[in-house]
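K.L.:
So you can see what is in the structure, the chains are spelled out below.
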Amino acid sequence: MALTPQDIARIANLARLELNPSESERMLTQINGFFDIVEKMRAVDTSGVEPLSHPVAAIQDVALRLREDVASEPDNREANQRSAPAVERGLFLVPKVIE
Amino acid sequence: MALHDLTVAELAARLASKEVSAVEAAKHFLARAKVHESLGAYLATDEDVTLSQARAADERIASGDKAALLGVPMAHKDIFVTRDFPSTAGSKMLEGYRSPFDATVVGKLAAAGVVTLGKLNCDEFAMGSSNENSAFHPVKNPWDTSRIPGGSSGGSAVAVAARLAPATTGTDTGGSIRQPASFCGITGIKPTYGRASRYGMIAFASSLDQAGPMARTAEDCALLLSAMCGPDPDRDSTSLDVPAEDFTASLGASIEGLRIGVPTEFFGEGLSRDVRSAIDAALAEYVKLGAKLVEVSLPRTELAIPVYYIIAPAEASSNLSRFDGVKFGHRAKQYGDLLDMYKKTRAEGFGDEVKRRIMIGTYVLSHGYYDAYYLQAQKIRRMIADDFQQAFRQCDVIAGPVAPTVAWKLGEHGNDPLADYLADIFTLPGSLAGLPGMSIPCGFGAGRMPVGLQLLGNYFAEGRLLNAAHRFQQATDFHLRKPEGY
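Residue numbers (the numbering used here), protein chains in the order written: chain B, 1 to 99; chain C, 1001 to 1486.
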């Protein structure tokens, strides 16, 4: 099953990436080349196998922990916004979203 | 012996006895970094910051503080965020970015007395096996500057090999500590997934990323890893509740009777002859040291490539969605609406390989494909982890090559990302299983380039790995060799 140029355009849109025509073309060839080696994986019988997300869960139960829902961090707004592209009065500026 | 030829352990002893000051040591390595700037290892240095940290370390020494690494200079892979240096992940997206906090690992090393020399070059967002994916400049291998140093922790490996730092930090997602360590003739270890905090490591693939030290000897790695590990319950939800350990304690233990598993699948057609003969010689050395070789099987070794290159890009596409030109990093100069701003910002800020992985990841997570790709990969991931458990019933550690060949030439893989992916075959299985793994120098191959022996241990068996590596280094001198002119 090979991807088409339309698939590449759709995925690029989902990924919020602007690709120029030559990039899209290259991406199509390379990704299809990659999916050739993925085919082997699709053929493996995995019925009854649980997916593994935390690798150590292969030998013991690993519960992702939650911490208490209390504020633990001090207000560091100024430092946290120092590297922001556009800030005004402590707010992040973006292009107008609602007309 | 020149200051830069000392190991971390030797340097720490001289600092503690005040034979050398932290300021002298820091100045020495900063000067070397400058002289060998053309290797491209460092992305950022700042003499004022480094020397003020060194002066503080000297004061701690003078006041009787006995922290293990007091005054030892180190440099960090630019995947770790640091308050005092820019943190770029090797990407234009984060050019000039200053983090408001230090990564946990950076903080732990600083608490143990480490002085930071600067930040080290790497593949963009740690995605790559050659360091050629750095958005800034490639890194050259000091053993042959026409060759790649490996990746993604290429700058970290070169800084140690060329004596531009006594030790460095690296990160390993699919082999990014072990493979450059092998290609540059140094020692590196990645611990069990969950041992070292990922807080402040710019995330690539969250279920795989681990931090680890890169140095000249197993003893140095043991010292450093002891300082880097430990639970970080409030800041990393995947960090395990396993206490920090003194990995130096068991270094000298006997390896008489140690059962070394040799996976058949690591010695197939794909392994080049020069690497194979260095690995065979290393295994023979272990037999001389009293270890026993046991043949084991990791039948899904080849499947690790597609499984990894589905899981890692899937997680990367999710992690990298934060780079949208709003809160930090690059923003396109010209754009129309918000969506256009996102798309142009990401088009300009990311390099080719990062875009490729974001595309693959987005696709395999998208509606209708998730089960066939991502979930299927995670199921095979468990089968791969189970294969290791099966193998560890017959052996204590597993040994084999780190990579099928020695370091290749800069530009050799050209525009073929698959060539890089396939070269990761021997490091990916251990990464997917989350096992601790090392590379130790064990000989030389084609072009007199270093070859590394990969050692993999069971979960939490870092002490045993380091012990096996240390005993090998007591009996051989590959780890003491250095490239000419450094």
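Worth double-checking, as some hints may not be accurate.
As the list claims (entries may be wrong) - Only pairs whose alpha carbons sit at most 27 angstroms apart, straight line, appear in this in silico BS3-like list of lysine-lysine:
id : chain 1 : residue 1 : chain 2 : residue 2
1  : C       : Lys1066   : B       : Lys96
2  : B       : Lys96     : C       : Lys1344
3  : B       : Lys96     : C       : Lys1327
4  : C       : Lys1409   : C       : Lys1344
5  : C       : Lys1344   : C       : Lys1092
6  : C       : Lys1092   : C       : Lys1066
7  : B       : Lys96     : C       : Lys1333
8  : C       : Lys1344   : C       : Lys1327
9  : C       : Lys1333   : C       : Lys1092
10 : C       : Lys1409   : C       : Lys1333
The set of hints was computed from the structure by calculation and includes no laboratory data.
K.L.:
Are the hints correct? Go through all of them and say.
P.N.:
For each hint, the structure was consulted:
no.: 1; hint: C:Lys1066 / B:Lys96; in the structure: violated (57 angstroms)
no.: 2; hint: B:Lys96 / C:Lys1344; in the structure: holds (16 angstroms)
no.: 3; hint: B:Lys96 / C:Lys1327; in the structure: holds (16 angstroms)
no.: 4; hint: C:Lys1409 / C:Lys1344; in the structure: violated (33 angstroms)
no.: 5; hint: C:Lys1344 / C:Lys1092; in the structure: holds (13 angstroms)
no.: 6; hint: C:Lys1092 / C:Lys1066; in the structure: violated (41 angstroms)
no.: 7; hint: B:Lys96 / C:Lys1333; in the structure: holds (16 angstroms)
no.: 8; hint: C:Lys1344 / C:Lys1327; in the structure: holds (16 angstroms)
no.: 9; hint: C:Lys1333 / C:Lys1092; in the structure: holds (14 angstroms)
no.: 10; hint: C:Lys1409 / C:Lys1333; in the structure: violated (37 angstroms)
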